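Q: Work out the full structure: start from the sequences and follow the hints.
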Amino acid sequence: MKLTLKIWRQKNHDAKGELKTYPIDGIEGDMSFLEMLDVLNEGLINNGEEPVVFDHDCREGICGSCSLQINGEPHGPDRLITTCQLHMRSFKDGDTIVIEPFRANAFPVIKDLVVDRSAFDRIQQAGGYVSVNTSGNTVDANSIPVNKHDADESFNAATCIGCGACVAACKNASAMLFTSAKISQFALLPQGKIEATERALNMVKQMDEEGFGNCSNTGACEIECPKGITLVNIARMNREYVSASLEAPLSNAWSIDDESSLFD
Amino acid sequence: MAILTSSIARKVAMALSGLFLVLFLAQHFTINITSVIDPETFNSLSHFMGHNFVVQFIAQPILIFGVVFHFIMGLILEIRNRGARSIKYQSFKGNNNSTWASRNMLISGAVILAFLGLHFYDFWFPEIVHKYVESNPMDPTRYYPDLVQKFESPVRTGLYCLAFVLLALHLWHGFASSFQSMGWNNKYSKGLRGFTKFYAIFIPLGFIFIAIYLHLNQ
Chain A
275 MKLTLKIWRQ
285 KNHDAKGELK
295 TYPIDGIEGD
305 MSFLEMLDVL
315 NEGLINNGEE
325 PVVFDHDCRE
335 GICGSCSLQI
345 NGEPHGPDRL
355 ITTCQLHMRS
365 FKDGDTIVIE
375 PFRANAFPVI
385 KDLVVDRSAF
395 DRIQQAGGYV
405 SVNTSGNTVD
415 ANSIPVNKHD
425 ADESFNAATC
435 IGCGACVAAC
445 KNASAMLFTS
455 AKISQFALLP
465 QGKIEATERA
475 LNMVKQMDEE
485 GFGNCSNTGA
495 CEIECPKGIT
505 LVNIARMNRE
515 YVSASLEAPL
525 SNAWSIDDES
535 SLFD
Chain B
18 MAILTSSIAR
28 KVAMALSGLF
38 LVLFLAQHFT
48 INITSVIDPE
58 TFNSLSHFMG
68 HNFVVQFIAQ
78 PILIFGVVFH
88 FIMGLILEIR
98 NRGARSIKYQ
108 SFKGNNNSTW
118 ASRNMLISGA
128 VILAFLGLHF
138 YDFWFPEIVH
148 KYVESNPMDP
158 TRYYPDLVQK
168 FESPVRTGLY
178 CLAFVLLALH
188 LWHGFASSFQ
198 SMGWNNKYSK
208 GLRGFTKFYA
218 IFIPLGFIFI
228 AIYLHLNQ
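Listed in order, the protein sequences are those of chains A and B. So our numbering is basically just the index in the first sequence, starting at one, shifted up by 274. So our numbering is basically just the index in the second sequence, starting at one, shifted up by 17.
Just so you know, the hints here were simulated from the structure itself, not pulled from any lab data. Hints should not be assumed to be uniformly reliable.
Unchecked claim - Below 16 Å or equal to it, Euclidean Cα-Cα: the simulated EDC-like pairs (lysine to aspartate or glutamate) are:
| no. | chain 1 | residue 1 | chain 2 | residue 2 |
| --- | --- | --- | --- | --- |
| 1 | A | K276 | A | D299 |
| 2 | B | K110 | A | E496 |
| 3 | B | K204 | A | D299 |
| 4 | A | K385 | A | E496 |
Fair warning: this is a prediction, and the values are worked out from it, not measured in the lab.
A: Below, the structure is given as C-alpha cells:
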C-alpha cells in the first residue's frame, strides 16, 4: 500500500508547527496504525532525519496513551477503538492521511503529535477518588450490596481510559464526557455517596479552571469515545452538580469550620 | 455566584431560558394559526393579548428578558468555547460524529435574532407606538387587516420563511438538548428526541404556511 502522510511537526511547545508531507510505501493492511508510523520513523532515522514523536504505551487499547487526530477524527475513522487498535486495512492504496495532535488549549503540544494531558490528572485529583480507611480494618468491598444495574453502569463509566478523544472530537474542546465518567463511576456506588457533594463541585471547578470549553450536547464525544462512554454520564454529572450546588450552602451554614470555632 | 462562572450552571440557565422560549413559540403559533382559520378569533385573541395587564406588563417583560438572557448567555458560552481551541484542526470531520444543526447553534441563533429585529420593526414597535405613544382609541378589528398588509411584500414573506427554516434547525438540536443539560437523560429520552423532531418541523412549517397563506390571500 502506497500512502501520503501529512503529519503535524512542531519542535516544542513554543515553536510554530506545520503539516509536513511524507510519502510512504510498502504498508500492509495487517499493520496497526502505530506500526505504520514505526516504519515511517525507521526510514526517517536511516535518512538522518528526526523521527515523528507520538504517544503510545500498551498498544492494546487500555492505557489511553495514543492520541492522534487522524483525517479529522480522534483515533481515526473506525469506532470503539484507540489509534493503536486501528489497522491500515481501514485505508486504501493511494490515500492521503492527515495526522494531527489532539487540539485544545488545555492540552498544549509538547512535541509533534504529543500533547500534555495532565489537565485530566488534575481533574481526577480534585475529587475522583473515595477516601477509604486502610489501616488494617478495611471492609471488603463485596460485603456492601450494590444494585446490579448501578454496578454495571458504574463499571461502564470506569472503563474511561482518559485518552482525551472526547476533548479532541468536541467542537468546544469540552472535557465533560471525561469528567462525567469519573464522577459517575463513584456517584452510582454507595462508597461514593459520602463525598459526592465535594466531588461534583471540585471536579467541575477544576475542569473549568483548566480552560476546557462548555458542552453543547453535539454528541461527537460519545461517537468518538473508544470505550463507548455515553452522554447519559454527562446528564448524571449535571444532576450531581446541581444537587451539590444546592446542598453545599446548606451544609456549610450548619457546620462550624475550624477558623470560626465557638470556643475561640 | 456559581451561575456566572460555572460551566454547568450556565448550561442549565441556557436550557431553562431555551425551554421557556420553546413554550412561548407554541403559544405564538396557536394564536397565529387562527388568522388562517378564523380572522375574527385572531382579532379577539390579539386584542386580549394587546390589552391584558398581565400579558402586557408581566408576561411581556419576562419574555423579552428571556430572549435577551438566552442570547447573552449563548454568546458568553460561545466565546468561552471558541477560546478553548486557539489552534484549529487542518482537517476536522464534524459531520462524521454530529449534526450541522448541533454545531452551529450560534449561526441559527444569530439569524433568528436578526429576524426578531425585523419582526419587532414590523409588529412590536408600531403596536407600542399605536397604543402608548399615539394613544389611539381601542379598535378590536384592526389586527387582521394589519397582518395581511404586512405580508403583501414577497421579500418580507421570503425573509420570514428563511428565518423559520433556521428556527427549525435551532429547535432540532436545542429542544431535546435542553433536557440533557438539565440532567434528564433516561428511558423516555428517545421519545423526547422524536417529539423534538416533530416540534422542530411542525411549528416552523406552520409559521411558513401562515406567511405564505397571508401573502397569497391579499
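Q: Under the criterion that the straight-line Cα-Cα distance not exceed 16 Å, is the pair K110(B), E496(A) satisfied?
A: The given pair, whose Cα atoms are some 15 Å apart, holds under the 16 Å limit.
Q: Would you check the hint for K204(B) and D299(A), treating anything up to 16 Å between C-alpha atoms as holding?
A: Status violated; Cα separation ~50 Å.
Q: Within a Cα-Cα threshold of 16 Å, do K276(A) and D299(A) meet the stated pairing?
A: Holds, because 4 Å separates the two Cα atoms, which is no more than 16 Å.
Q: Quickly compare the C-alpha distance for K385(A) and E496(A) to 16 Å and report which way the hint goes.
A: Not satisfied, since the Cα-Cα distance of roughly 27 Å exceeds 16 Å.
Comparing the model with each earlier hint shows violations of hints 3 and 4; every other hint is respected.
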